Amino acid sequence: MKNPMHFQLNGQAVTLDIDDERPLLGVLRGELGLTGTKYGCGAALCGACTVTADGQAVRACKTPLRNVAGKSVVTVEGLMHKGKLSALQQAFIDFGAFQCGYCTSGMLMSATELLHNTPHPTRAVIVGHMERNLCRCGAHQRIVMAIEAAALQRRQLA
Amino acid sequence: MSARLPLERRRFLQLLGGGIVVLVGLGPDALQAEEAAHLVPEDFNAFLVVGENGRVTLLSGKVEMGQGVMTSQAQMLAEELGVALSAIDVVLGDTDRCPWDMGTYGSLTTSTFGPALRAAGARARSTLVSLAAGRLGVPEAQLLVHNGVVSVRGVPEKSISFGALSQGARMVRVVDQPAVLRAVATFQIIGTSPVRLDAIEKVTGAAKYAADIRRPGMLYAHLLRPPMHGATRTSLDVASAERLPGVTVVHEDDLVAVLHADDESAALGLAALRATWALPDATLDPDNIFEHLLATSPEPREVTRLGDPMAAHKLAVRLFETTFHKGYVAHAALEPHAALAEFSRGRMTVWASTQTPFPTRDGIAKALGLPISAVRVITPLIGGGFGGKSAFGQAIEAARLARITGKPVQVAWSRADEFYNDTFDPAALVTIASGVDPAGLVSLWDYSVIAAGTRGTTLPYAPPNLRIRSSGKLFETAGTEAPSVHPFAVGAWRGPGANMNVFAAESQIDIMAAALGIDALEFRLRNLTDARMRRVLQTAASTFGWKASTTPAAGGRGCGVACCIDAGTYVATMAEVQVDLSSGRVHVLRIVCAEDLGLVINPEGARMQIEGGLTMGLGYVLSEELRFHGGEILDRNFDSYEIPRFSVVPRIEAVLVHNDTLAPQGGGEPAITTTGAVIANAVYAATGVRMLRLPMLPARLKQAMLAQGIH
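Chains as they are written, first to last, in numbering that gives the first Met the number 0: chain A, 0 to 157; chain B, 0 to 710.
Just so you know, these hints were derived from the structure itself, not from any lab. The structure presented is a predicted model; accordingly, all values stated were derived computationally and were not measured. Please note that the accuracy of each hint is not assured.
The calculated lysine-lysine pairs, modelled on DSBU-like cross-linking and capped at a C-alpha distance of 35 Å, are [unchecked claim]: (1) A:LYS81 x A:LYS70; (2) A:LYS61 x A:LYS83; (3) B:LYS406 x B:LYS207; (4) A:LYS81 x B:LYS157; (5) B:LYS701 x B:LYS546; (6) B:LYS365 x B:LYS406; (7) B:LYS701 x A:LYS83; (8) A:LYS61 x B:LYS406; (9) B:LYS546 x A:LYS70; (10) B:LYS207 x B:LYS365; (11) A:LYS61 x B:LYS207; (12) A:LYS70 x A:LYS83; (13) A:LYS81 x A:LYS61.
Under 8 Å between C-beta atoms, here's a sample of chain B residues computed to sit facing chain A [stated by the list, open to error]: (14) TYR208; (15) ASP436; (16) GLY439; (17) LEU440; (18) ARG644.
Heads up, the beta-carbon is just placed ideally off N, CA and C, and yes, glycines get one too.
Chain B extracted, bound-state conformation:
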């Protein structure tokens, strides 16, 4: 087989050494769809290697940024291959060694990449069993695989290890047909919560992130940033910076950087640069941005229509029309973007904190005019991504500086850089006109969203007359589309668009229930035919101890509910809040969230994603709203930009609704998308005040309460 391989593939296999290699091939449908454009040039990359020492190397483009996929991917492989978890070494996000991958986002690792990885494991196992059959002289059907050893059923001493089978073998297998996966009932590793593979290194400080990589002779770089987006530089004086000992100033087109062998001296050098700027007019701010979005966004286009929405407007016995707003939100991962680039003998190697190692590699190649084969991106552990590390500007900056200086260069963004360069979750508006029929069922859902995109607009309910319209893609690409309506970059933020859309939709459902005098849970159940969603809601209700209520409380304490389907996962969340009537501050007392994610690979990991998502969600719901003046980002650190702290976080109970017969669904994002509505609905139950804009800052809630005579 290897004789017919192209040179590049043969070289690649030599690099891997001996053993049994399982490659990406024309395999599982999901993977094929994901990688359609990339299979031909890069199909030689391996999923896994069974080494001659019996250790198994898992190679994956899906990276670890806290969500636990280092462990869950190893669990899937260990289960299908038949080895102990401890026998697996994991290599993630190394573009020279791992199979091509579009990036780690969209809650897709387990649901989309998982099947391909499991198939590779199963393919390797069947190869090893067939080798063992030859070596042991028994039919395959008589063989068992356990802990990396193939043995004869009933004769355990007649056995051979994976390592022994791999010795001297230089075998390549391609996942090219549907694999026979292990049955759920036989799982020993999938469905358990072992100690995370990254646990020890993370509690001992040994864990390496991009800014922790050290190379001999490296320089630290700090870059000059404009004071606001849209500013152009009119002068630059580098003289005082260049006089500082050990400082190198690089100035090439838009790139102005100060470099030094120690980080602070580079930062001091940056402070010594003198630049003047021509600033654009700045008129936009967090309050007038919505008017601007309405005025500048293209006419919403229809994306879905069912029944006759126009007629349903006239036929509805009650109509409800509401507009919802949400501000810009920062990713604010604790680790700012960082990269170290080294250019040696025509090859660029970049260690980068990135959710998208392969697009980062391609982007570096394009920016520097290098062939893709001359660029390697290595992804260390990532200190939180949330969509923000899909952008990789820091890696290009480091690569340019490494080529210019001929030395390894680290670019680690300051917190102010991080805020300035962030691709924010966009401010957005949603308008909903909904109606009910005489039986009190939702008969009309006429939905229009501006700037958030359509994720999260698919209802769990089934109104017979439906129209969904959307204006403005979430991800605007420069050049090909109309100019951006936003004063700075926007992009994917954990549950992109769905945070806004689920907030609006599930608030609207609550508004309807309250107007009809029906308990919020009861109204949802009446309108739900989907048994999966009913079960998830009922599970949340029984865990939470939901008490039916049809009128808001007077004392500032109340409970809310919200549900949705996101990334294939069904979510129902309930929360209890106490509103401080004098300040407008919302104290969240407890949250229960039930999810049906299909088959769960790592239950503790899934629960942590739910808890983490809801905690993060409390930020955009209660305190986070980017302050800006035109293209000037006014929030530059955590003193003014308030992410949730310990005192804000309530007891959160995550409940996994078993559904092992369904393939695994997404886990990273679904829960967070319910946070806006569940808290807004609880605030309504607590006060009778309906908050239609996120975040519900204390001053805004206080003002709304005063307007309703509550004080």
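So that you can see chain A by itself, here it is in the shape it has in the complex:
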């Protein structure tokens, strides 16, 4: 059904007058022009489309637009703050935590949620949290190291 719906996207107010049953992924990548969030499986199995809504990670490919009404959605394009990379983004670069980069947006968003909720994750907690995000290039151990380093840095800054 059509009715104007509102939400925050990367800190900006968005109003859309489209079918709010459509998955968030297609709207982000289509109408809203944010292609950093990726399609990988279409069934919430791979995590490439992960974004956060009010800080909670959601799979955009299976999230109807109406589910984020009134919420604050952050995509990978919204991770930089005042032109600076987030600690996680910088750690991903420092540790070489990606190869092809296709899963990276989802990895960053899942890890962002983790550090938001759990500032001091153990390695086992990181592995458990990231388990449903798939990477085919085999950057796993570097992703884990990058998340550990970003957590450490956040603690030192706090």
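With chain A fixed as given, assemble chain B onto it according to the hints.
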């Protein structure tokens, strides 16, 4: 010089603008061999342009799919040319602008294309130095090149930049003789690991892949696929799909597509199509496929023979005969195949996720009956290839639809499309009869492979009596060969054939060592005369802390070793596993891999390829085996097809064995080929159970343990 150039080349150079252009010519041998068929019509494409603003554009057909060649190619050029890495702009896989290239596969970018690229850089540098000598009025021998500036030795203020030298110059140089490359000792950029050139865009979401390209008025297309390979359509009803607002249905021969201005509406339209199909008989499955391959494959032909293998069978003091199996494996790159095609004024432009931009261009031209010159393929970043994106069906689909509709059309395969259309790593069998002489050395190696091809069959050891036989090429081409023995398409998969062959060969070596009561590492070293391989094995052993052992452990914990030569690189891998005796599940605790890749352009990049390869390898070794029923692909997503997850991946330590005097060798594939044997050998050391079939699914290992009374 330009007066004698053909019109097309002159037009091409106008397109490039001013500056100094270095072209592909009759150059380095390796490149010549690679491009022999293509030099004449297309030799006008450039390697690099030194622009009037001093920036250098690197043009290459070798594409970036995660393996880091955007950065490593720029490093090679920056080093030879004498500019900072940041002065280089990289254009990869644009068929209108880059030199012809067969495709990015086989771990060849650095080893085969690298020398040509470095030669082009060196040619440009010598041109710039000679220009500078004229402008500064000093002999070339007194000039230095650093960071894009030519200066007089000892008089740094007397200098001129590459940009200034290029201004007003419309010069063309051809790489037509062996170039003088920089000496290893003087390297400043080769051998370092700078931040990847694609790093910022990949962590900010700015990186563009084929499905991220947007054109005004574009449509998204979803295509009707048969329920199984070999099915034929008996009816099609498009009425309900066509009633949906904004939907266009295209039906032309085999092509049935639903298009819409938004992606989901096109997908909904596809779901509204009604089709019926005549299905072929389906009898094959992952268990009976081996019997089928044996029955239908042509007689293996002999590819190598040394000594007298027949006599050696009789003379061996012990004979070992083993048959190994491996199932079909999917590429399963996270990015499914995607393309956007735009047909305008008779010219087709296609942005495609492809490992083979030039063959893709030629394939589109052929499929649409267009001249090759009317087709341009542009390759954005690729979300993983692994051999799967050598096939380019999606690009042809998009191009056909763009011509039919007159609008830009995106075809981005769904995950189910991706599984259905994949060119799988083939199921294969290997049988080995090997023997030892009274001294315990391998005296016979009689090897027969079905369906995997011969890559990986060249041993690091040197048995005096050897026979290698192979049936069925890995890449079957329709029409010219016998009909395919496979129920669906197969093709190159990272380390094609070598994953199977190294699994079989290095398991067999382990079987022999165990039977003779000799430690697995010791047995390999005794049989190795190649100093390079001995050094790599010993490096792996010391890093790993290998402890000699001659009997399997009882507690389910053990270590394995495997080594091989692939793409010119020497690899030795060691792993420790813990087998859960109750479930048959294998937990890999740690892996060490040592490689001698010759000169390494980017050490961190090389290590990432090793880690990534071994991680990916754990999939086909422990969990990945395509499920199918005849031509019906039963795995359609990641719920049933299990690729390695975070909890599966152990600590992996990659060690680069320095060998700077040897030219760079392949890096993308060698490590993965050792994964099967190193884990199978570790499982044997942990349990005494020898797994001869990949993947070692928990149920299979459990059954094998029960059969040996382990529970």
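Evaluation of the provided hints:
no., hint, in the structure
1, A:LYS81 x A:LYS70, "holds, 22 Å"
2, A:LYS61 x A:LYS83, "holds, 31 Å"
3, B:LYS406 x B:LYS207, "holds, 21 Å"
4, A:LYS81 x B:LYS157, "violated, 42 Å"
5, B:LYS701 x B:LYS546, "holds, 27 Å"
6, B:LYS365 x B:LYS406, "holds, 21 Å"
7, B:LYS701 x A:LYS83, "violated, 52 Å"
8, A:LYS61 x B:LYS406, "holds, 29 Å"
9, B:LYS546 x A:LYS70, "violated, 58 Å"
10, B:LYS207 x B:LYS365, "holds, 28 Å"
11, A:LYS61 x B:LYS207, "holds, 23 Å"
12, A:LYS70 x A:LYS83, "holds, 24 Å"
13, A:LYS81 x A:LYS61, "holds, 31 Å"
14, TYR208, "holds, 7 Å"
15, ASP436, "violated, 41 Å"
16, GLY439, "violated, 37 Å"
17, LEU440, "violated, 37 Å"
18, ARG644, "holds, 5 Å"
When the structure is compared with the earlier hints, violations turn up for hints 4, 7, 9, 15, 16, 17 and for no others.
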